[in-house]
Every structure is written in C-alpha cells, then in structure tokens.
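Asks: Go ahead and model the full structure; you've got the sequences and the hints to work with.
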Amino acid sequence: QLQLQESGPGLVKPSGTLSLTCTVSGGSISSSSYYWGWIRQPPGKGLEWIGTVYNSGRTYYNPSLNSRVTISVDTSKNHFSLKLSSVTAADTAMYYCASGSPGDGMDVWGQGTTVTVSS
Amino acid sequence: QTVLTQPPSASGTPGQRVTISCSGSSSNIGRNTVNWYQQLPGTAPKPLIDSNNQRPSGVPDRFSGSKSGTSASLAISGLQSEDEADYYCAAWDDSLNGYVFGTGTKVTVL
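Chain order of the listed sequences is A and B. Residues in the first sequence are numbered consecutively from 1, following this note's numbering. Residues in the second sequence are numbered consecutively from 1, following this note's numbering.
These are computed hints drawn from the structure, not numbers from a lab. For each residue, glycine too, the CB sits at the ideal point set by N, CA and C. The reader is advised that the hints may include incorrect statements.
Unchecked claim - Derived, one-sided and incomplete: chain A residues facing chain B with beta-carbon distance under 8 angstroms:
no.	residue
1	Pro42
2	Pro43
3	Trp49
4	Ser67
5	Tyr96
6	Pro102
7	Asp104
8	Met106
9	Gln111
10	Thr114
What the hints assert, rightly or not - Residues from chain A that keep clear of chain B, each with C-beta distances beyond 12 angstroms, as calculated:
no.	residue
11	Gly51
12	Pro63
13	Ser64
14	Thr92
Replies: This is how it looks when you write it as structure tokens:
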C-alpha cells in the first residue's frame, strides 16, 4: 500500500526558499500509475493546490505560485520535492504531499508538515 | 480567486440527510470530474468521492456524490457524529490548467 511522508525544515526565513521532500514507500515513484503533488493549508483556512508532476516529467503549477515553485522527482531516492522561493509570511501553512492515478483525484496523502515563515 | 464555491457550513442531527453544494463553471466542473475530500479535525484530508460519484474502498455508502452541469453535490445520509468534519470539492480547471479546491464546508452534527 502506497504511503507518503513529508520532511523538511519547519522554519524558513522571509525571502528564503522553502524545501520539502515527500518520501514514497510501498510503490515506485517511477510508476506511470501515479502522479505526485503538493497541497498546502494556511492556519484556519482551506486547501490550496500547489502543483503536480507526472511520470513523464510534465509539471503543472498553480498560476498564483508558478514563478516561485518547482516540483521535481528523484527516482534514485524514491521521493519527490517541493521548492518555493521568495517566501513570505503568507506561505506559512501545513504542507501535504499526495498522489493519485492520472485522471483521478488524490487518493493517498501524507500526514502533513508545518512550515512557518518567520525571522 | 475563488473558483469552486461551497457553503461555509452545514448541520444536522444524527440520522438526518445533509447535502453540500459545489458551484463551478464550464472550465472546471462543466468539463471535468469532481472529487470530494473529508478532513477530520487535526488530520490530513482523505478521499471521499472520486470521479463525481465513486466511493473509494472503505468509504461508507451513506456518502454519495452527484454532478449536473457546472455544479456538484455531496450527500451524507444517516448523519453520524463521526461525520463532523470539513468537506472540500475539487476538480481540474482547463482555463487555469490546474487543480482547484472548493472553499470548504464545515459539517456540524447537532
């Protein structure tokens, strides 16, 4: 059964780069059966899709974050990563990684990791 | 910007039927399938309904989804106390070329 686990610094300074990793277990990140994505949730607010990467390498990003976000896959480590540059306090949120089958919704989620942007 | 609109709250007594609406447009719900997610307090979202009306394995059959035109609905029949949670609809948006979530609905069991 596929499982996902987020990891990374819980505190990032303003104007810095947020970097998170999602480790995949119970399946191969190279599989064409899955896509991989990131979602965030600011405190007390709703869910916001950040972006998705497919097995082909094709990426899709939220237009509101497009210029600051990069999602990549490391097949050697069976994980995928999120980088968000030029962060501000508005990027403080719970960050989730998730996966799904192409054409379907996200059916496996990590437990989430809290990231705070503060000096 | 808000793309999928849900009522902020809904409530019912145990055993009642509760319905949550999700209003979109021709570029999202009108063209693509709708997913629903349940987020229990302090936990990660979990899939509830896939492809408009398909329940993943393990989801009770008291949860059902439907879609008509540019709107979708989630129904909870026989409401139970453990259904108290936030519910989000979601769909791919062809204009934004991205996945969009609804504004979320908090369900309270009275």
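Asks: Does Thr92(A) clear chain B by more than 12 angstroms, comparing its Cβ with all Cβ atoms of that chain?
Replies: For Thr92(A), whose nearest Cβ neighbour in chain B is about 17 angstroms away, the distance exceeds 12 angstroms, so it holds.
Asks: Given Pro42(A) as an interface hint, is its Cβ closer than 8 angstroms to any Cβ of chain B?
Replies: For Pro42(A), the interface hint is violated, since the closest Cβ of chain B sits about 12 angstroms away, which is over 8 angstroms.
Asks: Taking the closest Cβ pair, is Pro43(A) under 8 angstroms from chain B?
Replies: Cβ of Pro43(A) sits 12 angstroms from chain B, so the hint is violated.
Asks: Would the stated hint for Met106(A) survive a check requiring a Cβ distance to chain B of less than 8 angstroms?
Replies: holds (7 angstroms)
Asks: Hint Thr114(A) vs chain B: min CB-CB distance below 8 angstroms?
Replies: violated (12 angstroms)
Asks: Taking 8 angstroms as the limit, does the beta-carbon of Ser67(A) come near enough to a beta-carbon in chain B?
Replies: violated (14 angstroms)
Asks: Could you let me know if the closest chain B CB is still more than 12 angstroms away from the CB of Pro63(A)?
Replies: violated (6 angstroms)
Asks: Is it correct that the beta-carbon of Gly51(A) has no partner in chain B closer than or equal to 12 angstroms?
Replies: violated (8 angstroms)
Asks: When the nearest CB of chain B is found for Trp49(A), is that gap smaller than 8 angstroms?
Replies: holds (4 angstroms)
Asks: If I take the minimum Cβ distance from Ser64(A) to any residue of chain B, is it greater than 12 angstroms?
Replies: With a cut-off of 12 angstroms, Ser64(A) comes too close to chain B, as the shortest Cβ separation is near 9 angstroms.
Asks: Was the hint right that Asp104(A) lines chain B, CB cutoff 8 angstroms?
Replies: holds (5 angstroms)
Asks: Under 8 angstroms is the threshold here; is the Cβ of Pro102(A) close enough to any Cβ of chain B for the hint to stand?
Replies: violated (11 angstroms)
Checked against the numbered hints above, the structure violates hints 1, 2, 4, 6, 10, 11, 12 and 13; every other hint is satisfied.
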